[in-house]
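Engineer: What follows is each chain in one-letter form.
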Amino acid sequence: MNPVVYAILIPLLVTFIAPFFRPRTAAIVSFVAFIIPFFVTLWALLTNQSFELPLMNLGKPIGEFYLFADSISNAFGATICLVSAMVALYSLPYMKHRFEEMKDEIDDVTREFRKYFLLFNLYAVSMLWLVYSGNLILLYIFLEISLLASFLLIYKYGYGNRQWVALLYFVWTHIAGVLTLIGFLMIAFENSTLALKSITTVSFLAWLLIFLGMIVKLPGLGPHIWLPWAHAEAPTPVSALLSPLTVGLAGYVLLRIYLVSPWFINEFRNIIIAYGILTSIYAGFSVFKQTDYKKLLAYSTVSQMGYMLIALCLGSYGLLGVVIQYISHAFGKSILFMTAGGIIALYHGLRDVNKMGGLHEYIPTISNAALIGFMNLSGILAVGMFGEFFILKGIVDVYGLDLKLILAVVFVFIISGWYSFYTLRKIFYGTPKGMERPKISRFLDTPLYVIGIISIVFIFPPLATLFLKSLKLCILGGVCP
Amino acid sequence: MIDIATLLFLLFATPVAFSLPIAFAWVYRPGAEWARKLPILSVFGLFVSLCIALYILFYFPNGTYTYPWLPDYNINFVFIFDYLSKYMGALTALIAFLIGVYGLEYMKHDYRLGWYWFFFNMFTASMLLVVYSDNLMLLLIGWEGLGLASWGLIGHWFRDDDELSYVGIIGRKVGPLNMFWSPSFGGWRAISTIRFGDMPMFFAIAAIYALTGNLNISEIDWAGLFHHIGAIGTVILIIALLMGPFTKSAQLPFSEWLMTAMTGPTTVSALLHSATMVAAGTYLFMRLSWYIEPWKLHHMHGVEMVYLFVLFLGLISALYGASVALGCRERKVLLAASTMSSLGLMFACAAASFWLGKIAIYVAFWYLIVHAFAKATLFLVAGHLIHATHDRFCCGDLELAKKMKVAFVATVFATLCLSGVPPFTAYWVKSAMDGIMHHLMHEVGSAPLYLLVTVSVIYSAFLAKFLSLNFIKGDKPKHLHLHGEVLMPIAYAVMVSMLAVLLYAILGHAEPIAGEFVEKGFERSSLAVGLAVLISYVIALVVPRLESPIGRFLGDRMYMPALNDYIIPKIGWAIAKIVDYGNRLIDTFCHQAIPELIATYSLGVRAIQSGYLKRYVKIALGFVMVALIVASLVRW
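Chains as they are written, first to last, in this note's numbering: chain A, 4 to 484; chain B, 251 to 886.
Bound-form chain A, shown alone:
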């Protein structure tokens, strides 16, 4: 059997074991449980491994449950593992701070840590399994588990009016979930199966429902309004999974359905790409007006997810762009949310951008990490460069030298760079505001650099050579199930 299967079993088992350890050990165990599958999935990605593991057959109309992997799954899987592993380590100092803040509501910190690590690992592992599930119902189940786990995390440990925000998050994501589920069921009745490899057609209504559901989750312009609430008020380690990993999975689902039946996207390409551009630019401008650092990052997520919608419309090279954009955004945004959390933990909940300024003076390591994070977002010397490259190539492939479209997409990329460096200046540079220089736990900044260095190493050989080769074979070679 393929080593990837064993590797993704590890975090699943650890999810239920980790709560029995003391907090520090639990954090390290969770880290190890995700870093091992990271290396395995990375290896599988670089060597273009693929496999299929039948689980059971449920008969019509559900069809076969099976796990499968190709380079797309491995690319998503490796990203999820790396970010989860690093956030697990980071959780330890951050949640310690959070529990101290909440000491009126909590009696036993160790017990809270048990609950926390159970939910955290469950959340991360369900996303990991999602990208390896070969049946749409199986996929939906993992989607629901991840939603429930993250809902509970926000409900219990969030900020502000956290129960209200958690419910808001729950309602929105379930609108998305229900629409998608109905779409899936329609596929089931049309094809008598939901196994990805056996589906042959996806009718208009099914596609539309799945698309709308995923637009809510992605999110596109309009439904995007849930995202700033959820991302800003969630405890920061959860934000650091929610924004980089979860919302982008909507792109993964659309990508999978596209590979089965591309007609819907191709038919409505112009509308979808216009919507994607509008989302991106709209959210990009929203970033400038935010005063809450975490909300600011949430809007930037919306803008980045617009890239994925754009990329989805741009043919085979666009699909490459979708995958790379997911990786690059996950790396960049997880770093950035962790910097936001670092500031919160070190300066007693400081989130107001206007009260920051000159922070580089006091927390240079976090400031430099934020620079790497923003480099990822704007595609400077990080893996995002390839994402942008393939999106731009896709434009010429599909639309030729269409000046309006070129200007719009180029502006989308420009505005990412603008808000990135505008925010950097506002938060970290300028005259320092006379704060004290805190002592930083190494868990609070080292994980950021690990992700950052990997995101930069990804543009050079041998990593770049191999992973782009595998993705090309997978997407352009036509071996996808």
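All clues stand as given, with none of them false.
List time: in silico PhoX-like cross-link candidates among lysine-lysine, alpha-carbon distance up to 20 Å: (1) B/827 / A/429; (2) A/292 / B/820; (3) B/608 / B/546; (4) A/63 / A/200; (5) A/292 / B/827; (6) B/653 / B/726; (7) B/726 / B/652; (8) A/358 / A/429; (9) B/652 / B/728; (10) B/820 / A/429; (11) B/423 / B/820; (12) A/99 / A/118.
Since the hints were derived computationally from the structure, they do not count as laboratory data.
Fit chain B to the given chain A structure using the hints.
Structural biologist: Using the frame of chain A, we list chain B on its own:
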């Protein structure tokens, strides 16, 4: 014998690797005594690069060298060694090394050495990558590195607390404009402008890849490509590609970032913002023209339009930059404006290659070399002056000149060489440039020649003004502290002596192209221009100051800051405001209005359930009535 791959790896990796010790040391022990000795390592890294670049210059055969990167996409690390790259590489490495040595002393007491040396060395590596790479994607990696290093180094003094690091007079306002800029602002402005150009350039690269499947500048079938996409496509593609060079080389209207880039340390201004990085834009244009061979594409209107556009953009930017420098009082900003002017001339001259062939590129490239050494010298002197006088504005008299003899002599020689006073270095190159613009008479008209001569005259005037105001007729400096610097004078003395080497190369016919320069230099028209330049030099030397509203207008950079500081931000913030209202509207609708609507509805439904029979009967009767009315209306 080391193989080429290792050598090239060392060329790019050594500067970065040797700057890591100080970078890490500064994170953990900022300001420690032992950490302050580590910059020597960084400079050693630069020295290794210099040795390799010189080895390439003298011993490498011309040609390309390929190392696999993304072989499945036909995108590879392709390095090219030809006339342009060999000289440019050696020039970059030499200037970087000399300025590195200067920086050891200049930055000795700085509070942020780790950051400074890391970005300084990363810049050098990126620049060498841009110079030697033939593959556009690889070039783009270096290019992004340049942008990032420039941002990091401009905003180096991020605390914004030192008056000496500002540009403009602090507190001065003209209308709604603040006419002063802090380092952190300068950094943001630089990167925002550069992103504006880099993204279209990135698009153009992707488009070239999509259309030809190849990204190696020397291999792409440019003529076939232009033929395939037609005149309009050609214009879109090349202009998009040149947006990168235009912004990086600060051509109009993207010039403002270069002026506020002077908030960075002077070493940075000398290396990045005069000698090498800003010249990377013009260098890329030369390299592209070298292989596009536009002189063979006369039947393609798209190409002609683009080259005509670049010609005039360059000349007009040159005129703008020279006029601004004429009105400027700040040492570094004056030099920045003059850099912009020179870059414009390089663009214009290289664009003339469409009509005149490769010779125009040779001339532009030689001007780049002369300009790099001369301008770097002037910047280094300016840095020393700022250190000594604690003043950003021009000041200094003959007494100062006596105390800083090396600086004085270096300035005299550099200004003479750069302004084109015969028989100094730039005179010969400028003469060839005059000749080229003269040749354009038939195709383009006489405007380019007149513009060039005007620029040359103004150029020499402000260089003489710089000399005069700093060493001869300027105000007496308020403070004067000479700290017995050794490395700084050595660095600029070596730098300025390179101009003599170049002069020797031209007059001694050491280069094949030199014969052309000398021949043009002895033509009567060239001598006339040289005389005009000399006269304006002498006049400005004697009368360096003229108070007039025009001067103030020029000194305020013709209020170009309004574009960057007022118009564009106003538009941006207006859109951001609208978008913010949109968000609030959606938020209120989804998270207030809909829940409240449902709550009201639920309250109404619950009110029915009061338990009184009377109410239920009423409701039932009401429904019957409605049913009857509906039935009668539809005549059922």
